[in-house]
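I would like the entire structure built from these sequences, with the hints used as guidance.
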Amino acid sequence: MMKIEAIIKPFKLDDVKEALNKIGIQGMTVSEVKGYGRQKGHKEIYRGAEYAVDFIPKIKIEIVIAADRADQVVETIREAANTGKIGDGKIFVIPVEQALRVRTGETGADAI
Amino acid sequence: MKVQLKSLLTAAILLAMPFSSAVASEGLNSGDTAWMIVSTALVMMMTPAGLALFYGGMSRYKNLLNTFAMTFVSYCLASVIWVMWGYSIAFGPDKAGIFGGLENMFLAGIGVDSLSGSIPTYVFVLFQMTFAGITVALVLGSVVDRMKFSAWIIFAVLWVTFIYCPIAHWVWGGGWMGNMGALDFAGGTVVHINAGVAGLVLALVLGKRIGYGKEAMFPSSIAFTSIGAALLWFGWFGFNAGSQLAADGVAGSAFLVTNTSAAMGALAWMFAEWLVDKKPTVLGLASGVVAGLVAITPAAGFVNLPAALIIGFVAGLLGFYFVAKVKHKLGYDDSLDAFGVHGMCGLWGALATGLFANPAVNEAGKGLFYGNSKQLWIQVVSIIATAVFTAVGTLIVIFITKLLTGGLRVTEENEVAGLDSSIHGERAFEI
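Protein chains in written order, with numbering that gives the first Met the number 0: chain A, 0 to 111; chain B, 0 to 430.
Please keep in mind that the hints were generated in silico from the structure rather than gathered at the bench.
Keep in mind that a hint or two might mislead.
[What the hints assert, rightly or not] Heads up, simulated DSSO-like pairs for lysine-lysine below, C-alpha to C-alpha not over 30 angstroms straight-line: (1) A/K33 with B/K278; (2) A/K59 with B/K61; (3) A/K2 with A/K84; (4) A/K39 with B/K277; (5) A/K89 with A/K33; (6) A/K8 with B/K278; (7) A/K39 with B/K278; (8) A/K84 with B/K277; (9) B/K213 with B/K277; (10) B/K278 with B/K207; (11) B/K207 with A/K42; (12) A/K33 with A/K84; (13) B/K61 with A/K33.
[What the hints assert, rightly or not] Counterexamples of contact, computed for chain A against chain B with all Cβ distances above 10 angstroms: (14) A69; (15) T75; (16) F91.
[Claimed, not checked] Derived CB-CB ranges, DEER-like: (17) A/K42 with B/Y369: 42 to 50 angstroms; (18) A/P9 with B/A215: 19 to 27 angstroms; (19) A/K42 with B/T404: 36 to 44 angstroms; (20) B/G210 with A/G36: 25 to 33 angstroms.
Each residue gets a CB set at the ideal place from its N, CA and C atoms; glycine is no exception.
Encoded structure:
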């Protein structure tokens with residue numbers, strides 16, 4: 000099993016979700032995060048006091064999937080989240096030791 | 000026969016009806032009284048609602064409730080102190096032009112039917128009380144985020160008693176400044192210069208917030224600040240137009256110039272900021288409104304419309320320049336700019352009154368542009384006297400407060416954790 004962790008621009012979430020649904024991925028975990036890479040933050044000025052706001056809001060999507068589907072999922076997310084501009088995000092693939100369904104106790108491939 | 004009876008009856012009825020006093024002469028005027036009760040309510044709202052939101056929104060989130068608390072408790076303290084001894088010190092029988100005697104302590108000697116001019120004295124007492132409340136609340140704007148709540152309470156009690164009340168007496172209560180001819184319609188010196196200088200002194204003694212100048216200190220809610228400014232604007236109609244103590248033409252004129260100055264101040268600050276910092280901010284609009292209102296306060300019942308346009312415009316520019324540029328160069332932490340906006344724009348307003356006071360608006364005031372060069376100097380004297388008395392007096396009050404509370408400032412740990420949790424054990428929002 001593999002975990003796909005994708006950091007994307009917030010407004011791209013709907014596109015990514017739809018694209019994943021089309022290839023049969025029905026579940027995911029989504030969180031609001033902040034971060035920066037090459038995309039610079041912005042400046043805010045309050046009565047002359049200037050503050051640099053480095054962190055930019057992003058969305059993190061986490062999906063655990065069978066290892067043989069990982070490549071397909073990664074490519075689907077990449078295509079849907081891509082805008083061609085700096086700040087589009089990153090996708091990581093991490094191996095998963097074990098998975099378990101809370102309701103039934105099923106493990107492994109039956110759990111995801 | 001029938002016709003005669005009818006006309007006799009009509010005459011009798013007409014003669015029996017009391018004449019409605021369209022012209023205020025002696026005795027209670029219900030129009031004035033109704034207006035002054037409403038005015039008082041308007042000014043009351045300025046403190047726990049308007050100012051609390053205005054200041055609270057500019058405080059950091061972790062101190063939002065503390066700012067509300069300091070503002071709210073200020074009004075409550077002033078409410079009680081005023082009717083116990085404050086009114087008497089400010090408006091009691093004059094002693095050597097410096098303060099009023101304690102003959103009216105607990106409002107002794109004043110009854111339900113007592114009149115001050117054409118309104119019940121009780122209404123006058125309460126109207127003036129709202130001014131004491133907001134003046135002391137303004138001072139806290141310089142020291143948010145770092146003062147002990149107990150210290151603030153003691154400071155407020157002493158400050159209203161020994162600083163606000165005497166100055167109010169000097170200008171409005173029959174004291175030396177009023178007798179000298181100083182013009183202060185609704186409180187340019189009594190309220191704004193007074194609070195602004197006191198705030199600066201308190202800020203300098205307390206010291207800068209930890210991380211000031213290095214750490215980002217984001218305002219918790221510009222939306223709150225904007226609503227607060229709007230409520231202050233609304234309430235200021237009572238503040239200025241109500242200071243005529245009557246529902247008449249001068250009140251109407253004060254009403255007109257108050258709104259005009261506020262709007263001009265907002266626009267001036269907005270355009271200045273747009274030019275200099277490239278973005279027009281809502282904080283700038285809200286701040287400009289207050290700058291314009293502060294400046295017109297001493298002038299409200301004395302100046303005409305063109306003067307109000309100028310006064311508001313200059314106030315907006317002055318406020319922006321002082322707050323956004325000068326303050327950072329000088330390096331002091333007047334957190335919410337009580338000195339920058341209230342002190343400086345109050346100063347401009349007091350001087351402007353000496354320039355623009357127009358006898359055609361109000362025969363009580365004649366400024367430089369109407370041939371009276373003495374007025375400007377009287378204004379300067381009143382500004383300096385207020386500033387000096389407040390600066391020295393506030394220092395003494397601070398010293399006494401420090402003795403009684405073992406220090407004004409919260410511990411470093413509490414300051415970093417935030418005063419909402421460390422002092423009040425509360426959160427502003429459940430997010």
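Verification of the hints:
no.: 1; hint: A/K33 with B/K278; result: holds, 24 angstroms
no.: 2; hint: A/K59 with B/K61; result: holds, 27 angstroms
no.: 3; hint: A/K2 with A/K84; result: holds, 26 angstroms
no.: 4; hint: A/K39 with B/K277; result: holds, 19 angstroms
no.: 5; hint: A/K89 with A/K33; result: holds, 13 angstroms
no.: 6; hint: A/K8 with B/K278; result: holds, 25 angstroms
no.: 7; hint: A/K39 with B/K278; result: holds, 19 angstroms
no.: 8; hint: A/K84 with B/K277; result: holds, 25 angstroms
no.: 9; hint: B/K213 with B/K277; result: holds, 23 angstroms
no.: 10; hint: B/K278 with B/K207; result: holds, 28 angstroms
no.: 11; hint: B/K207 with A/K42; result: holds, 23 angstroms
no.: 12; hint: A/K33 with A/K84; result: holds, 18 angstroms
no.: 13; hint: B/K61 with A/K33; result: holds, 20 angstroms
no.: 14; hint: A69; result: holds, 36 angstroms
no.: 15; hint: T75; result: holds, 34 angstroms
no.: 16; hint: F91; result: holds, 29 angstroms
no.: 17; hint: A/K42 with B/Y369: 42 to 50 angstroms; result: holds, 48 angstroms
no.: 18; hint: A/P9 with B/A215: 19 to 27 angstroms; result: holds, 22 angstroms
no.: 19; hint: A/K42 with B/T404: 36 to 44 angstroms; result: holds, 40 angstroms
no.: 20; hint: B/G210 with A/G36: 25 to 33 angstroms; result: holds, 27 angstroms
Taken one by one, the earlier hints all hold for this structure without exception.
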